[in-house]
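Asks: Protein chains in written order, with our numbering: chain A, 622 to 1171; chain B, 8 to 594.
Bear in mind the hints are in silico, worked out from the structure with no lab data behind them.
Warning: the hint list may mix true and false statements.
[Stated by the list, open to error] Computed spacing ranges between beta-carbons, pair by pair: (1) Gly834/A x Asp57/B: 38 to 46 Å; (2) Leu1133/A x Val493/B: 19 to 27 Å; (3) Leu1133/A x Leu435/B: 23 to 31 Å; (4) Ala1146/A x Gly154/B: 53 to 61 Å; (5) Asp1139/A x Ser578/B: 52 to 60 Å; (6) Ala1071/A x Asp14/B: 49 to 57 Å; (7) Leu1133/A x Asp14/B: 42 to 50 Å; (8) Asp480/B x Ala646/A: 48 to 56 Å; (9) Asp14/B x Arg810/A: 58 to 66 Å; (10) Ala1071/A x Gln423/B: 35 to 43 Å; (11) Ala491/B x Gln1154/A: 36 to 44 Å; (12) Asp804/A x Gly126/B: 56 to 64 Å; (13) Ser578/B x Gly839/A: 50 to 58 Å.
Since this is a predicted model, take the numbers as computed values, not measurements.
Think of the CB as a built atom: it goes at the ideal place given N, C-alpha and C, for glycine as much as any other residue.
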Amino acid sequence: MTSLEERFGDPYQGSNPLGQSAIVAADERAELAAGAEALLDDFGLGAEFVPRELGGRLVEVDALVRRLRPIFRRDAALGLGYGVTSFMAGLNVWLGGSEVHRKSLAELLLGGRKVAVGYHELARGNDLTANEFTARRDGESLVLRGRKEVINNADRADAAVLFARTADRAGGRSHSLLLVELDGLDPGRFERLPRLRTLGLRGCRLAGLRFDGCAVDGSALVGELGTGTDLALRSFQVSRCVMAGAGLGVLDAGLFAVLRFALARTLYGRPVAALPHARATLAGAFADLLTADALVTTTSRALHLIPGSGSVYAAATKYLVPLLLEDAMNALSVILGARFYLREGEYAGFGKHIRDLPPLGIGHAGGVSCQLTMLPQLPRRLRRLGDRAPAALFAVGAPLPGLDLTKLRLLGPAGDPLLATLREDLATLPGTPALATIATALDDLVTEVAAVPARELGVQASPAALACTERYSLLLAAAATTGYRRHNPAELPWLSLALSRLAARLAPAPTLPAVPPDIEEALLADLVTRAEQGFGFCLDRDPVHRSLSH
Amino acid sequence: MRYPAFDGAQRLERVLGDPADPASVFSYARCAELDDADEFPADICGVLDDFGLPRHYIPVEFGGELADYQHSVQLIRMVARRDVTVAVAHGKTYLGAVSAWVAGNAEQRARVAGIITSGVPVSWALTEQAHGSDVLAGDVTAEAVPGSDPPAYRLTGEKWLINNATRGGALCVLARTRPAGGPRGFSMFLVDKSTLAPGTYQHVPKLRTHGIRGADISGITLRDAVVGHDGLLGAEGTGLESVLKGLQLTRTLCCALSLGAGDHALGIATRFALQRQLYGRTLADLPAARHTLATAYADHLLAEAFSVVGARAIQALTTEMSVLAAATKYLVPTRTEAMIAQLRRLVGARSLLRDVLEQGAFGKVERDHRIVPLFDGNTLVNLNSLITLFPILGRGTEHASAPDGEGLRRCTELAQALPPPRHHRLSLVPRQGSSLLRGLPAAVTELAGLAATDPHLAGLARSAAALRDALEDLYTAMRAQPLAPVTVPAPAFVLAQRLAAGLGGAACLLLWLRNREAALAQDSASTPLWRDGVWPQLALDRVLTALGVPHPAPRSGYDTAFAVLRHQVSSGHLPSLFSVPLAEARS
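My request is simple: use the sequences and hints to build the entire structure.
Replies: Laid out in structure tokens, this is it:
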């Protein structure tokens, strides 16, 4: 089968209908580029979201992230707009649905149809349990009332997974999930709300659904009554890893664009790529991309290997990775200078990527909601770090046990396998100032988390308590990078730059970060080699079709 | 605290009316529509012309109303807090004219003043498509017309990404007068389009931009455009010098755009947090959300204080502007950009939707503001300016000459009258270094004396001492940098970032010390910020983190700041160290 990369073609070739200029022009019109969705239909992308036992190609989550990368590298709005939200909808059904649900949804997705996922109500945001959309029993029917808002593809999806209040009482069992076919609904009692204008991901079709006493068959209920929150929060663990991983493609594309500019542009009598500041920025962004990939890859694999930790690891990934990506893109934009600000010309694609990143980061759980997932679990995890993680977690390519969504937990067991691994790695790796900083940060975090009063482990968290979750996420990233390095020894020495950058985030220091220049140079050389030879900038060096020369 | 420099700003506010009222000409709603259509805000600029804003771009000695740069800064800030596009579109005329103020003769200044007064925009044509911030690589040439004496000039070439190049009636154009170029190879020309022969110039169409979408960011192509000798500003070969001196003024004024954008973003986020219901309470009731807002406010107050000191320095420490212009232009826009990004995470999905929260203004202000770190010398250019001054600034206190005590006092004590602007005193090199830096140790000592009798000031005194010590270490690191390297090593940029933060910290400390008694003698919403050194300690918290020596301010300080912020935003006041009622103020 021809790869997606090949089908998309060189983004820098002006005549390519799915090249950068066509995509930027479509973004201006708030559309997806003509032919882009047909290409994915033809590729059968929907099968990526369907488990193999239901006829699809979904086996390993980290592999799914890698397969989606070419799409997000091309156009994040296409990636989200075509169907990553269908995947989110699907997860709930794979986890909690009946055989009938699973088969019918698999059929839809395998046929290239779209399924919307309706959790969000504008007035409620991430506060799921306050949702007001209701489903009431009436004989064999469920009667739906209320609105779901800012829902991708709401204006055109064939079906929707809806998160509905099914009991008046407060608490965890007040909501349920429904799988509803939208086309057959009573038009007098159901409407698709107008599309919303967005400032990024402009090609996505965000709209809403409004139900006004609309009856659906009782069989729409996914799982038991009252299990909606449980199913949603467990499904999130997978989709958070995938959404965080989607952003890697955006930084990969942005890094390529700026490298291309830096090699071609002359400033002060030399190529921009020869200026030390530009070199340091490019190398730093590359290191951060690899760090982010290591974290996404590790936590995606953890869903298979240590699913009990999925809740915390997925939240940490969805919290930290968007920050790393946005910071790296901002640093790169400084090299691009005024070109970054133009919506036309050769570098307009970079500006579009920058506009697309924040909604990708906020969409499907913003930062604080991820922090509030982590915080209450930290005391139990850090009291005793417990056993180290299995080697297969880091050894990419090593076979994984099948993804068993039923093993995901809302609250993980005691101990933290990744940090336990980090602690052992810190003891065996040759000492550097960055490792010393990380070791101290780990010890400090354990102490501080133990001292957080129980009442501050929830929404009333103090700023200091909430800040623990950021350092925890950074330490997981350190664990992922050292773990990856240990089990993939052929890799170039990006680890020391990655760790020194994590250390700088963990603890501001008055000394200048001491990065040996040869490491920065080696990273830059690797970056240029990959760009010249047509490989991507993530850990897997996937083949990419894009031309460096102008 | 009341600061008379805001008087003009408040007058403008009364004229413009409540921006939330869609019926007013300069409303948020109107600005959002213009932005959607990439349309120039011509009608709004007309209202500002009617108000007489252009006269504030003309120094008093040349017939205008610009007597105190701070007035103009705060006027532009009021425009920017509604819409950065309008502020850029209108305020750019000051940038266009600055070369005349700095280098022109009396006739030329009068001519430029006349153009501005008649409501014609003036633009500043420095950059070219192939060279960006590397202005010494510019290809636009000016050749003497053979036989003319004194020589007229024939200008040829393209200037690109020029604000108001199309809509403006006149431009100051930097052009190469020596084929070999070099620091003395460029000259500045005042080009009045109405005097050019037909066919000798053509506009390069407006480019579509990420933010400030309505602005006229375009270009101009000159083809044997003849400019008389009276168009040459200053002597031939002084173009670069007049650019650099002009930038010392304009960079300081760019802070007005950041302050206005910050005012707007803080307002939206605070209003949102106060009304948003979540987990059975408002978002503002959650400690972490409050802390995010208070931290953003601390950044904003740091930016405001540094801008106030920077703008006053134009008149009080004129010869030191090379330091302060670069430091403020680096620190204030980058801090504001980061602050807006943090607030965006608090606002969440609404920051990305065009039609939901205040007409999508949050996303718009973030996009619009991102131009500010880019123009008039981008972040790297400004840091580079500071790096070239390391040999002077890094001398260390013990080897440096005494600060200009009189100038420093005038600069930081708001009740002191400022001398009129003396543009001829601008200097490319601050021979005496920076009085702010050299005055810091004495200020730290003075504060230690206050803290000895007032235990509430002990924390601030510790932070101040930490700033002094961190700066001494920074000077040592600056001295270890290579002198005049072929290319600037990357770590030098980190040192320059820290130096700018340190200068900002010194400005805050001195501003508080010199005005706290006056501030505490008044009773206004911002008074609690001045009590017990609350705001300078918050600002130093931000600065010291940037310097790598964190000294967190106590949580009570953040609580006080949040309470003041909430009061200011809820009552329609500017989020500020000062008491400034806005058009939407409720008494």
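Asks: Between Ala1071/A and Asp14/B, does the beta-carbon spacing fit 49 to 57 Å?
Replies: 55 Å, holds
Asks: Does the Cβ distance between Ala1146/A and Gly154/B fall inside 53 to 61 Å?
Replies: 57 Å, holds
Asks: Just to be sure I understand the hint, the distance between the Cβ atoms of Ala1071/A and Gln423/B should be within 35 to 43 Å; is that true here?
Replies: Since the Cβ atoms of Ala1071/A and Gln423/B sit about 54 Å apart, the hinted range of 35 to 43 Å is violated.
Asks: Could one say that the CB atoms of Asp14/B and Arg810/A fall in the range 58 to 66 Å?
Replies: 60 Å, holds
Asks: Does 52 to 60 Å hold as the CB distance between Asp1139/A and Ser578/B, or does it fail?
Replies: Holds: the Cβ-Cβ distance is about 58 Å, inside 52 to 60 Å.
Asks: Honestly, do Ser578/B and Gly839/A meet the 50 to 58 Å range at C-beta?
Replies: The hinted range 50 to 58 Å holds for Ser578/B and Gly839/A, with Cβ atoms some 53 Å apart.
Asks: Kindly confirm whether 48 to 56 Å is satisfied by the beta carbon distance between Asp480/B and Ala646/A.
Replies: At roughly 52 Å between Cβ atoms, Ala646/A and Asp480/B fall inside 48 to 56 Å, so the hint holds.
Asks: I want to verify a distance hint. Is the separation of the beta carbons of Leu1133/A and Val493/B within 19 to 27 Å?
Replies: 20 Å, holds
Asks: The hint says 56 to 64 Å between Asp804/A and Gly126/B; measuring C-beta to C-beta, is that right?
Replies: This hint holds: roughly 59 Å between Cβ atoms.
Asks: Assuming the hint says 23 to 31 Å, is it satisfied by the Cβ distance from Leu1133/A to Leu435/B or not?
Replies: 28 Å, holds
Asks: Mind checking the hinted window 38 to 46 Å against the Cβ distance between Gly834/A and Asp57/B?
Replies: Violated, since Gly834/A and Asp57/B (Cβ atoms, about 55 Å apart) do not stay within the stated range.
Asks: Between the beta carbons of Leu1133/A and Asp14/B, is the distance compatible with 42 to 50 Å?
Replies: 45 Å, holds
Violated hints, in rising order: 1, 10; the structure is consistent with all others.
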